[in-house]
Amino acid sequence: MKTLGAIAVIITGALLLYASEDFPAWGDPHSPASQYRVSQHYILKTFEETSVPNMVTAILADYRGYDTLFETVVIFTAGIAIIAILRGPIDKRVRLRLASEKKLRESNLILAQTCRLLVPIIQLFALYVIAHGHHSPGGGFQGGVIFGGSLILLAISFQLQTALDRVSEKKAILLAGVGVLIYSGIGLVCLLLGGNFLDYSILHNLLQVDPITARSHGILGVEIGVAFTVASIMFAIYANLSSRGRMKGGL
Amino acid sequence: MIWQFDIIILGFLLIAAILALRETDLLSATMIFGVYSFLMCLLWAEMAAVDVAFTEAAVGAGASTVFLISTIYNTKRKSSD
Numbered sequence: 001m002k003t004l005g006a007i008a009v010i011i012t013g014a015l016l017l018y019a020s021e022d023f024p025a026w027g028d029p030h031s032p033a034s035q036y037r038v039s040q041h042y043i044l045k046t047f048e049e050t051s052v053p054n055m056v057t058a059i060l061a062d063y064r065g066y067d068t069l070f071e072t073v074v075i076f077t078a079g080i081a082i083i084a085i086l087r088g089p090i091d092k093r094v095r096l097r098l099a100s101e102k103k104l105r106e107s108n109l110i111l112a113q114t115c116r117l118l119v120p121i122i123q124l125f126a127l128y129v130i131a132h133g134h135h136s137p138g139g140g141f142q143g144g145v146i147f148g149g150s151l152i153l154l155a156i157s158f159q160l161q162t163a164l165d166r167v168s169e170k171k172a173i174l175l176a177g178v179g180v181l182i183y184s185g186i187g188l189v190c191l192l193l194g195g196n197f198l199d200y201s202i203l204h205n206l207l208q209v210d211p212i213t214a215r216s217h218g219i220l221g222v223e224i225g226v227a228f229t230v231a232s233i234m235f236a237i238y239a240n241l242s243s244r245g246r247m248k249g250g251l
Numbered sequence: 001m002i003w004q005f006d007i008i009i010l011g012f013l014l015i016a017a018i019l020a021l022r023e024t025d026l027l028s029a030t031m032i033f034g035v036y037s038f039l040m041c042l043l044w045a046e047m048a049a050v051d052v053a054f055t056e057a058a059v060g061a062g063a064s065t066v067f068l069i070s071t072i073y074n075t076k077r078k079s080s081d
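So the protein sequences, as listed, match chains A and B.
For the first sequence, the working numbering gives the first residue as 1, with consecutive numbering after it.
For the second sequence, the working numbering gives the first residue as 1, with consecutive numbering after it.
With the rest of the complex left out, here is chain A (with noise of 0.2 angstroms):
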């Protein structure tokens, strides 16, 4: 059977390089993909109709926001059926809570306070990845996994109490519902003010400024429901993983 597996693999492999052949070369202004009208557009108008100088980024929460919202969906939907998979019953004697200078002697002290320093900085800096996202590369995903990031280091540096004292997984799993409400909201305001579904355009009388830069800040906005999702879903990921759904103990 392992034979036979290897053989699949090697012809279907060389297959594939011998298929890569045919592709344009990479950068090649010529190639289809970049010929479509719709790339087109894309490259040259993106600045013009949304003032974002990050064309990934308006790209995915403007032109293609719909994508976008129902990834956000897909992880907010990821994360619940894997914390009911996991869940087990809690413990009732877990809910004490240790006080926070017993918790410092049972961790390592080195990396305890390592870690301390560290977090806040990672979270500013995922608030700042959240907040440029259309300046620079980044954007709600990536800011959203660092900020759950930040979380799950502090879990696995102290203990996985000390990180749930701050963010609950009942407050975790609310907020990833708030992330998904601030995304489809936004869009609900523009139907009601007569737009198209996150059309972010019409928002311009709300927001005091041209239609223009409302579709910058119509982006920032959604930017920030993605980043309230991916966060508390990776969070909550972790803490049901790492205690095997019983909220004690973690790694």
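Treat the hints as calculated values from the structure; they're not laboratory data.
All clues given are correct.
Cross-link-like lysine-lysine pairs, in silico, DSS-like; alpha carbons within 25 angstroms at most:
1) A:Lys248 x A:Lys171
2) A:Lys2 x B:Lys78
3) A:Lys248 x B:Lys76
4) A:Lys170 x A:Lys248
Partial pick of chain B residues on the chain A-facing surface, computed with a CB cut under 10 angstroms:
5) Met47
6) Asp51
7) Ala58
8) Val59
9) Val66
10) Phe67
11) Ile69
12) Ser70
13) Thr71
14) Tyr73
Take a look, some chain B residues computed to stay more than 10 angstroms from chain A by CB distance:
15) Ile2
16) Ile7
17) Ile9
18) Gly11
19) Arg22
20) Ser28
21) Ala29
22) Met31
23) Ser37
24) Lys76
25) Lys78
26) Ser80
Treat the numbers as computed from the prediction; the structure is a model and nothing was measured.
Glycine included, every Cβ here is placed at the ideal spot set by N, Cα and C.
Chain A is fixed; fit chain B onto it per the hints.
For chain B alone, kept in the frame of chain A given last:
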């Protein structure tokens, strides 16, 4: 793109991929998988797809490594095959 740099990254990528599959200690396999993700991130950055590189670094090397480690911690460390 600098082709010498590409060759080095792709070579290491191949080594990391094969090692991650062959390693029976799942914790080291996870570490090698993290290395694979970082190499992939380098490759994306080199192809000027910085947003993708950023996501790969945050999700591939960061979050998924943590998830895999916490799963190994709660199951068993040695692979049976």
